[in-house]
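A.B. asks: Residues per chain, in single letters:
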Amino acid sequence: MNDTTPIQDTRVTRRYFRKFERITQHMGRVAGVMEAEGTLTKTEVEVLGRYIAGLTYTFRALSMKYLFAGRVSGAGKLMFDFRESGFPAAAELMELSVDASQLDRHLAGSENADTLKDRMVKKIVGDKEIPTKLQFALSQRLYYEELARGHLFWLRNDPDAIWQGNDGERRRFLVHWAVYDSQVNLPTIYLMELEDTGRTSLPKDIRRWPEVQAHLMAQSQGDLKLLTIARGFDLDFSDLHPKRLRRFHLGPMYSHAFTEQTGPLRKVLAQADAPEGEDWALVWTEEELIANHAEMQKSGWFGRVERQVFALDPTGQAGGPDTGATFTRRAIMLPARPYQALEELGPPGLREVRKFVVSPSGRVLVY
Amino acid sequence: MSDFDSQIKESQAQVEQAQAKVAELTSRIETARQKMAEGQDISVDIENASLDDVHAHTDLMNANIAELIMGLDDVTAGFQSDFDELRSKTGWESVVGIFSKNRSESMRQERLRTASIDDKLQDLIAKSDTIVSLLEGQLAELEVQKGKVETNLSGTLEERETVVGELEALKGDIQAMDPQIITLENKISVETDAAARTALETELAELNAKYNEMIREEQVKLARSQTLERYIEKGKTWVDSLTNQAATQMVLINKLQTDTKQRVVLYDALTKSLKTAQQQDVAHRINEIGVKTDQEAQTAMAAIGSATNSRMAEMLEAHEDHMVFAREVLEAKAKADERFARRFATIVEKHDSNAYGG
Chain A
1 MNDTTPIQDT RVTRRYFRKF ERITQHMGRV AGVMEAEGTL TKTEVEVLGR YIAGLTYTFR
61 ALSMKYLFAG RVSGAGKLMF DFRESGFPAA AELMELSVDA SQLDRHLAGS ENADTLKDRM
121 VKKIVGDKEI PTKLQFALSQ RLYYEELARG HLFWLRNDPD AIWQGNDGER RRFLVHWAVY
181 DSQVNLPTIY LMELEDTGRT SLPKDIRRWP EVQAHLMAQS QGDLKLLTIA RGFDLDFSDL
241 HPKRLRRFHL GPMYSHAFTE QTGPLRKVLA QADAPEGEDW ALVWTEEELI ANHAEMQKSG
301 WFGRVERQVF ALDPTGQAGG PDTGATFTRR AIMLPARPYQ ALEELGPPGL REVRKFVVSP
361 SGRVLVY
Chain B
1001 MSDFDSQIKE SQAQVEQAQA KVAELTSRIE TARQKMAEGQ DISVDIENAS LDDVHAHTDL
1061 MNANIAELIM GLDDVTAGFQ SDFDELRSKT GWESVVGIFS KNRSESMRQE RLRTASIDDK
1121 LQDLIAKSDT IVSLLEGQLA ELEVQKGKVE TNLSGTLEER ETVVGELEAL KGDIQAMDPQ
1181 IITLENKISV ETDAAARTAL ETELAELNAK YNEMIREEQV KLARSQTLER YIEKGKTWVD
1241 SLTNQAATQM VLINKLQTDT KQRVVLYDAL TKSLKTAQQQ DVAHRINEIG VKTDQEAQTA
1301 MAAIGSATNS RMAEMLEAHE DHMVFAREVL EAKAKADERF ARRFATIVEK HDSNAYGG
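These protein sequences, in sequence, are chains A and B.
Residue numbering for the first sequence follows this note's numbering, beginning at 1 and increasing consecutively.
Residue numbering for the second sequence follows this note's numbering, beginning at 1001 and increasing consecutively.
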């Protein structure tokens, strides 16, 4: 629910997607660095890596869909959030899902890539014309083929559970899911560690598991605090005990050429005046909520259930902003040139933020 | 929803028919051009290429699609009940509330936590997409036809220019002959020698024959130029009509896309705002206090409830940053609506007065 604008020109559209292709590649490397330094476990990096790969595919599909924006009259234009997130508008991902659901019809109704290329050659050699229409048809074909390949980052990526081990009677699971938050137009990944005291193991429980999935998806809103989500979950499922809940907001993406955010980063990028390909910075925020202890509470007339009490950021009690989380960490990823500008300007708000400086060769330096 | 599907099918059939009619008319105009090139009389072909039939069909088709778009309004009216449910208690919850207010409230909270309108939004987008692709198909076809007629026309225009040029040249030649004939006639009237006079008279007869031939040719060229002109007139009207039809399609597409965008954004924002407002603060207060909850929850709920029980518009006003965007979308919608209303005044009227029987 922010200001979105269409990208009118095909060249600009292509540049936009090239930028994101680079960013998602670097994201994977940064996750690797975080694993090496022990901030994330191997499983967590695998999970995050899968979502990041999904994002890459999603962007690739969108880049095919809008390859001919502004060039062919029937081609759509990519709507993206230029004021806040720098990412495509959530409506784009809604359309992606709708398109995916009608995949068969589109693939059956169009010619495959080789035939189209063949016809293009004939058009070029025979009629001596640029085969724009055929090129457009091919881009749409490749779009649907990309959708057919699957593993994309959808608007909603339903929960999956990974078994982490047993503590006596309790099974430990890492439940992960992700949404593309439609309020802020950003991909958001959730990781929840929970203990299961139910009779059947959670992912095999045909009654509880679908309920859990629906519940978590319905609660995945950026403006709900982690505490709200965790408490609601704890309350609705008596034999599941959320111990740790983390949420990663990937973005916003800043770029002097594309976005119009306010704040210090805008000035940094303006000063850096970086060439195409290095004119960006990606911020991500990690929220973490940890259960402090558990209490037994009365439920109904006879039952007693375990309820978690969560630790909250002490600054909240001291009158600071109430984050509804135990920790909130921000980090920023950017190429070397904007980083130099950042160090020179040294805006106070960004001094404490961890900075991952990436280079085209794939090296990541942490400051 | 089956109603929507059957309506879509009906519209699809009409679009096909309308396209066939449009193509047929274009091909008639093209045939006329071929015949003309072969020198045949084409006045009948031109008269037969009547636009009325095509227009009647296109109107029918557009009316149907406009109806389809208005019908989406009825589909989306269903969202209202979702919003109401987010704000109030269901029947069963109210019944439970008579016995235990706490139990009733916790039931409501649980329902809130699982509420989601994502599926409905997807459905809305899918439906709107179906209509848009229908319209875009029609638009593309109209543009193809327009292109065909336009190339045809520009060829004809060139041809007419040549014919008119020839006609002018001919007229000049004819006028140039007049003094020649007069001089010859004068010579004959003063000539006394019989042999010379006969020779002069033969010359005059030849000149006259040539003159008449040229006059005849002038008539032919004139007729040809007039036919070409009529043909061009017809072609121009057809291009105008095609342009107009294309504009109508664009208005329809624009209206539909703005509407859908606006709906998705507003419904999504409203649902999420409602969900957040109805549970956020409660969760916070409850957490640290641990067990001493219910009273606290009641007060919090009452406070939030009074804020959220107000109408949809007020709800959005409470979120000022949301409103900025919402206002822009609303303005865009107002514009699209206005264009739509201008073109489809009668249909809107019928729809509003329920003249279609529901």
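These are calculated hints, taken from the structure and not from any lab test.
These figures come from a predicted structure and were not determined experimentally.
There could be a bad hint or two in this list.
[Stated by the list, open to error] The calculated lysine to aspartate or glutamate pairs, modelled on DMTMM-like cross-linking and capped at a C-alpha distance of 20 Å, are: (1) B/K1261 / A/D99; (2) B/K1261 / A/D3; (3) B/K1221 / B/D1173; (4) A/K77 / B/E1217; (5) B/K1120 / A/E211; (6) A/K77 / B/D1129; (7) B/K1120 / A/D3.
[To be verified] Derived DEER-like restraints, expressed as beta-carbon distance ranges: (8) A/S101 / B/S1081: 39 to 45 Å; (9) B/D1003 / A/E276: 35 to 41 Å; (10) A/S101 / B/T1162: 27 to 33 Å.
Backbone N, C-alpha and C define an ideal beta-carbon position, used for all residues, glycine too.
A.B. asks: With reference to the structure, classify each hint as holding or not holding.
C.D. replies: Going down the list of hints, with the structure as the test:
no.: 1; hint: B/K1261 / A/D99; result: holds, 16 Å
no.: 2; hint: B/K1261 / A/D3; result: holds, 13 Å
no.: 3; hint: B/K1221 / B/D1173; result: holds, 14 Å
no.: 4; hint: A/K77 / B/E1217; result: violated, 58 Å
no.: 5; hint: B/K1120 / A/E211; result: holds, 19 Å
no.: 6; hint: A/K77 / B/D1129; result: holds, 15 Å
no.: 7; hint: B/K1120 / A/D3; result: violated, 23 Å
no.: 8; hint: A/S101 / B/S1081: 39 to 45 Å; result: violated, 25 Å
no.: 9; hint: B/D1003 / A/E276: 35 to 41 Å; result: violated, 52 Å
no.: 10; hint: A/S101 / B/T1162: 27 to 33 Å; result: violated, 57 Å
When each numbered hint is compared with the structure, violations occur for hints 4, 7, 8, 9 and 10.
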